[in-house]
Every structure is written in C-alpha cells, then in structure tokens.
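Letter by letter, the chains look like this.
Number of protein chains: 4
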Amino acid sequence: MEDNNKPKVSLISKPANMLKTVYTACRTCYSADYPINIYNSTDDTEKMLKLVERVISSGHYSTIEHIQVSFAISNVSRACTHQLVRHRHMSFSQKSQRYVKEKGQFDYLIPPTIDKDPVLKQKFIDFMGEISNKYQEFVEAGIPAEDARAVLPNATATSMVASLNLRELIHLANLRLCSRAQFEIRMLVKGMCDALVTEEPWLKPYLVAKCDRYGYCDEDKSCGRKPKLEELVKS
Amino acid sequence: MEDNNKPKVSLISKPANMLKTVYTACRTCYSADYPINIYNSTDDTEKMLKLVERVISSGHYSTIEHIQVSFAISNVSRACTHQLVRHRHMSFSQKSQRYVKEKGQFDYLIPPTIDKDPVLKQKFIDFMGEISNKYQEFVEAGIPAEDARAVLPNATATSMVASLNLRELIHLANLRLCSRAQFEIRMLVKGMCDALVTEEPWLKPYLVAKCDRYGYCDEDKSCGRKPKLEELVKS
Amino acid sequence: MEDNNKPKVSLISKPANMLKTVYTACRTCYSADYPINIYNSTDDTEKMLKLVERVISSGHYSTIEHIQVSFAISNVSRACTHQLVRHRHMSFSQKSQRYVKEKGQFDYLIPPTIDKDPVLKQKFIDFMGEISNKYQEFVEAGIPAEDARAVLPNATATSMVASLNLRELIHLANLRLCSRAQFEIRMLVKGMCDALVTEEPWLKPYLVAKCDRYGYCDEDKSCGRKPKLEELVKS
Amino acid sequence: MEDNNKPKVSLISKPANMLKTVYTACRTCYSADYPINIYNSTDDTEKMLKLVERVISSGHYSTIEHIQVSFAISNVSRACTHQLVRHRHMSFSQKSQRYVKEKGQFDYLIPPTIDKDPVLKQKFIDFMGEISNKYQEFVEAGIPAEDARAVLPNATATSMVASLNLRELIHLANLRLCSRAQFEIRMLVKGMCDALVTEEPWLKPYLVAKCDRYGYCDEDKSCGRKPKLEELVKS
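As they're listed, the protein sequences go chains A, B, C and D. Going by this note's numbering, the first residue of the first sequence is number 530, and it counts up by one from there. Going by this note's numbering, the first residue of the second sequence is number 530, and it counts up by one from there. Going by this note's numbering, the first residue of the third sequence is number 530, and it counts up by one from there. Going by this note's numbering, the first residue of the fourth sequence is number 530, and it counts up by one from there.
In short, the hints are calculated from the structure, not lab data. Mixed in with the good hints, there may be bad ones.
Copies of the same chain look alike in the list, so a pair counts if it fits in one copy or across any two.
[Stated by the list, open to error] Below 27 Å or equal to it, Euclidean Cα-Cα: the simulated DSS-like pairs (lysine-lysine) are: (1) 630 / 755; (2) 535 / 757; (3) 719 / 535; (4) 579 / 763; (5) 549 / 537; (6) 645 / 719; (7) 579 / 719; (8) 576 / 757; (9) 630 / 650; (10) 750 / 579; (11) 549 / 719; (12) 763 / 537; (13) 549 / 750; (14) 652 / 630; (15) 650 / 663; (16) 579 / 757; (17) 632 / 750; (18) 632 / 537; (19) 763 / 733; (20) 650 / 576; (21) 630 / 645; (22) 632 / 652; (23) 549 / 535.
Isolated chain A, as found in the complex:
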C-alpha cells in the first residue's frame, strides 16, 4: 500500500553519460589532450570512477557541476517547498496557487507528530475540511484564487519540477539529511537521492548527511551521534 502522507519523487531527466562527462571534465584540467579526445577514448568505468572519487574527495566540486538532473515532485507541503526554494542553485517550476484553483478538498500533508496520535490526527483532518470550506466560500463569493488562498495552510500539498547539478545535490543531501532538518524535507531529499542512486549507484557515498560524510558534526545543537570537530582536533 502506498503511503499518501509523504512526498512523491521521480527522476525524469539526466544525461545518459554522467560519469563519462564528469571524468572528461576532471581530466581536462590536467591533460594536454583535447577534451573531445579524452571523452572518446575512455570507457573503463572503474578507471573513471577512481579518478572522479579522488577529485570529489579533494573538494574540487566544480567538476561535478557539469551534470544536472531533474525531478518531478508532488504531494509535498508548501511549508516544505518554502524551505526547498531557499536553495538558490536549484531551478524550480512550481504549481501556482494564484492560477490553479483548488476544486473540492485540497490535498495536504499531516505532520508526523500529529499523524501518529489518532485523536490529534482526526482533529487535523477535520480542520483541513473546515479550511477547505472557507476557501470555497470565498471563491464562491467571487474572490479570485490568488486571494482566497490566503486561508490555505502550510500543510497544503503542492507540486514542482526541480533541477539541480550534482554539486548542489550533494550539498542539499549533506544539509537536509541531517537529523536537525525538518522531517518532511528529509523525506523529500531522501526520495531524490534514492531515485538517482538507483540509476547511478556510484553516487551513494556522497548523498548522505554531512556528519556521515565528514565524520564530525558542526551543528550548534548536535544530536550527538558524531563528535564535534573541536573534539577531534584537540585529541
């Protein structure tokens, strides 16, 4: 059974030759050969992977900007997308609440702490119904969608196409898979990473929380799972 209370993510676009393009970019910096020759002369996946991994580990992230991927995202709350669109190296096309009128009950996401308590959950669902009625009242009174939406809650579901390059995706994963990130955006970003890793498994080690990548935590209020950098440096 599908879980209707979580974001839905599909990878809809990526170049066919991701690793080869990144490998060509890495080699171009240090080679007298033409990039097109580098590109055409290589098909040894293991060799390509070895170089690319060394380059990413050294922090030379510009080489992985050459690859961009696109996701179709739906059933994600407006609270969550207000967070997501703060990532300014991403491109977004989002369902407009100004131009798309809600017909009948709008879709929404139930926050986890409310979802797990049957009484609060029912109270939440009922209230979403009340908001929907109020929205329709305003629409029927002739208020345009762009103004009636003022009553719609943060929980309202929205959709978007979102694109970003590998450098930004790794950055996004490192930040938003942290247990301090809000639950919904963690699920969303996990969905994005999982969809890509299915097709490009070599990316898995980078698409993790920052503490899992670096071995330490730099959050002011750490969850304690990993040591702080100060502790490592002092030891």
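Let chain A serve as the given structure and place chains B, C and D on it in line with the hints.
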C-alpha cells in the same frame, strides 16, 4: 494613521558612497588609470551621474552589482515571501516558524479583495481566530511549533532581512511593479524602492515596471497600458 | 580542409528528453495534475513546442533552466576564455597552465585582422616561436610551469568542458553573437549554438543576437543594422 | 619603499554598520520581534559579536551575505585575474584590453621564482620589452588593440573593482590563502583580507586558510602542516 495591512520596509544598510563606487567601476573598464586614483579624483556628482546613466542604459548591468543594500521587512505574508525568495540573487534571513512559537493571535495580512468587503473581511478575521485557536490547541497538546504550524495560513505575517545588489533590485522592480504581479509583492517592492529612492533619488528612473522602462510590454496577458514589442517593430 | 584557426566545439552531453522536460515544467505551473502524470501523458511534439514557445516568448525563462548541456571546447585562446568565464551561470573545467607544461611550440590562435595580412601573419607566427623558446628557456632553468607561463601570450590555445542551462545559453547567444562582441567569442558561441541546433532544431530562433530576437539594438555604439528602442517607441 | 611587484588593494566601499546588520539578520530568524526593532535596540558590540560568532561557527553563512564590500585592485596579472574571476559569487569591473590601448611599456608582474634570480629576472624584463615592441608594431600597422593584445603575456598587469559578500570573502580566503594556491593570488587575497580586518578586526579569525579554520587539510597533495581529516576521525 498607519496602515497595518501592508508590508513595513526600512532600509537599514547601504554604503555611503554608492554613486562614486559605481562610477569608479564604470571608468575602470575603459581607463588606463588605477581604480583607486579614479575613486580619489572624482567628486563631480553630475559628471558621475551622466556616465553611470549611460552605462546602465546600454545594459552593462555588472557595474551596478558593486552596490548592495539591506532592508528590514515585516508584516508581510508567507504567501508573499514564498514568491520573494524565488529571487535567487538575493540574500534572506527570515523569521523561522520552526523555532519561533506564535503566542496568542498570530499577525496576518488581509488580501485586498477581501479587505474592501466588510462582510467578507469579518469572516476572514473570524477564521484567522479559529486557526489561531487550533494552532494553540496542538501546541498545548505537546505538538512542537514546527508541526503545529502546518495549520497556519498563507496569510500569516512574517519578517525578514533581505539584501540585494542594484542590478537585482532593478530587475526585481521591473518584474514585480508590473500590474500582473500580485498586489502584496507590488506593495512590498514599492516600499523597498521608495526607501532607497529617498536617499538616492538618481535611481528613481530605473526602479519602475519593465514597461515603464522599455516602453513596451512582454507579458502574455498584457494589461494593455503599453504596446507589445511586435507592434512597435512592425510599425 | 579543417580550419585550424578557430575554436573546436562538440556537444558531449544533454538529456534525451529536453523538450518533454521543459514542457512538463511549463505545464506544472498551471495544472492541478501531478508533474509525473503530465510527463508520462505527453508525446505530441507539436503541442509541446507550441506551449514552450509561448512561455519563452513571455520571458518566463526559469522553465528552460531545467535543461543543461555540456560542450567539449578546444583551440580557443586564453583571451577568449577570460571573457567566457565571466558568465557566472556556467560551469567550467579548464586546462591548467599551472599543472600542464607546454612541450614544444604551444598552440595559439591568430587574430583575424592579423591572419588576413600575410606579412603580419608571418611576423605573428615567428613571434609565437620566440615566446615558445623563452618559455622553454625558463622551464629548462628550473622555473615551474606555473611561473614560466607568465610569458605565454593571450593568443595561447586552451581547452575546457563548459556546461550551461538553456536560459544561460540563450542569454550567451543574445549577447555574444552581437557584432560588437569580439570575433573569436562569436565564433565559439556560434559553434556551441550550431552543435545544439543540429540536434534540437526548435531552439534555433532563440540562439541569435539580441537584436535579431527583439528587433532593436540597445548597444551604446550600435552597428546600425537594427533601430534603437527609443526610435521604435517614439514612432 | 613600496614593492612594485605585488598587487595593490584598497577597500573602497563597505556599509558603516556591518556587525549590527549581521546581528539583526541572525536575531530575525529566532525572534518574534520586528527586525527594525532588533536593529534599533542594540548597540552592545560584545553581545552582537558573541551571537554572530556562534552563528558563523555553526555554518549558517547566509546571515553574513547581507554585507558586501568593494575593493579597488591594481597591479595584478591577467593570469591571476583569470583565476579570480572564476569565483562566481563575486562582481567584477575590469580594465578592458580591447578598449584600453597600452601606451609604451605595459606594466607586468614578475613571478617569484624568476624575481629572486637576478639573471632570469633580467631576461624576463628584457623579454617584456620585446613583447611591448611587438605589440606596438602591430598597433602601428593598424591592428586594433583587441587583436594586437594577442601577443601580450599572462604577466601583463590589469586593474579591477571587485565586490563580494562576507560569505564569499571567507570562502575565498579559506581556499586562496592555502599554500597550494598560486603565490600571486595568495598575496592579492591577503591584501583584501588585511584591508578589511584593519577596519573590522572581529573578522580576522575567519579570513584564514581553510586548514587554520578547521584544523585539518582536505587537499589531495597536502603541504603536511595540518593532519588530514581521515587521520583525525580514525584516531
């Protein structure tokens, strides 16, 4: 009497020598002289203005990126900030609904078409009260603010510090002062432009809707105030 | 016979479904349907093209950011790449003069006004030989490549992998295909556009000089081929 | 005596109230109070510093983007500016070699390994003279500056106005003060940092090489002064 149903904007930071810095940048491109000498040798406002205006008119906008200004913004709806933060060349620090709990009735903005109808307005105000009660119910039941906020509406007021350079401010004004932009963001951007123009009046001609700057309209659904470019070119 | 005095450009990476991805992004903004359903339900090229063209014409360029393309570029001068890398929405991986030592005569580009005059051309070629000798002298004296390169000229050929999204490519074409742009970067950008148009012919109308797109010229020193906007607006 | 073989840097523009603006931005995220009230109610430098330092240390760098500073830079080589302009979050206005003709001997920078060897240094100076003569020959033959410059070397001095926000300046310092960065760009960035620290000493701890900030080195070829992160994590 102050209007409580519109965004409040204050200019809190700008460099003292805006025009001189931009002028130095413009001259540096075409001069054999050192920029610091250009900077130190000029105080003729009229001469500086004349060059800067010519450069901006030619579309060489990179020269005005050197100036950044910061605004303190409050009493603006979350619907409006979700639009504003889509401007990716801006910097934002926004009041967090995760970490700042609403105490008592939250502030909100009433959309203009509702505000002008006394019956609908009262209905709107009453419903904001109901939402506030529901939010407090969830908070009192132990739900953390970051999840209780799921019921808060698009109308909820928020605050931010927003910074942007002159190139982006002109772009923002050109787009968002258009009559096709939503009412609230037009008021907000007008507030930003007015606050800056008070101190730097030479910027006034650029901080207008795109049609007022270029003399034509490129919107798919034009308001008709200005001709479409096709009409001008054909004539 | 191949012309060795011009940039070489190959398109090495693009997503297979460019138009469909852009179409899905455009539709997502105005549809109640999920983006993945929009994506899966459309294969009518003509219908997709019609919408995409209308959206681009209205200036809603964010929808075409979802597509990024990568080019392998070689035989382009360092003077030209110093211009190109000023486009800050692009990603670059460039051959390093610090780490890649020139062995024997370095490759170079001959500027057009010199190339067409046999006497000046020979003088230029001879001087490139002298510079090469001087570079090798410094290298043989133990000077590292990163310092010996101080004598290498702007004409020195370099290579890079360059990636950019469609919005930036259209912007790049509009600016750099203008007759006021330097000859070499015009050839380079033309090479990029031609390589893409071969595979995606629907992009051709956008990948032109700005005056060809808009029907007017905004350059301070116009070539006169198109009227200035002021002339159109006044008429 | 002034050293003529190094970049000259002057801070020409910064907002007067840097710390207060950053403090207001930090507080806005976690406060129910209006940003303008936060701004107006604080003048306790120590209190402001304490918060700002905690926020920067936690990696919440967006709060320091609100401050942008501008530098007048001269006597820096074109090799160095080709590196510098790769920082895409900066704004640049650079002396054009297309439009500014070199009259007489062009200025240039002598690389350090050549500068310290009197014989090589003289050879370098002489060759700069030969290049200058060749440039003038082409100019006198009617070749426009934009093409004659093809013979000008990487060592040629240039000028620019460069602006960047504090987040990017810290990033720039962390990368380019590393001993693996090229000598000239290290001097240039050090000049920028020194100029700012003179007026805003609280920024000093951040404007250092990345290893000095984090206590470990992530370079593939480390200078060995600091341990690698792997060593710290394993211990």
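Report the numbers of all earlier hints that the structure fails to satisfy, in ascending order. 1, 2, 12, 20
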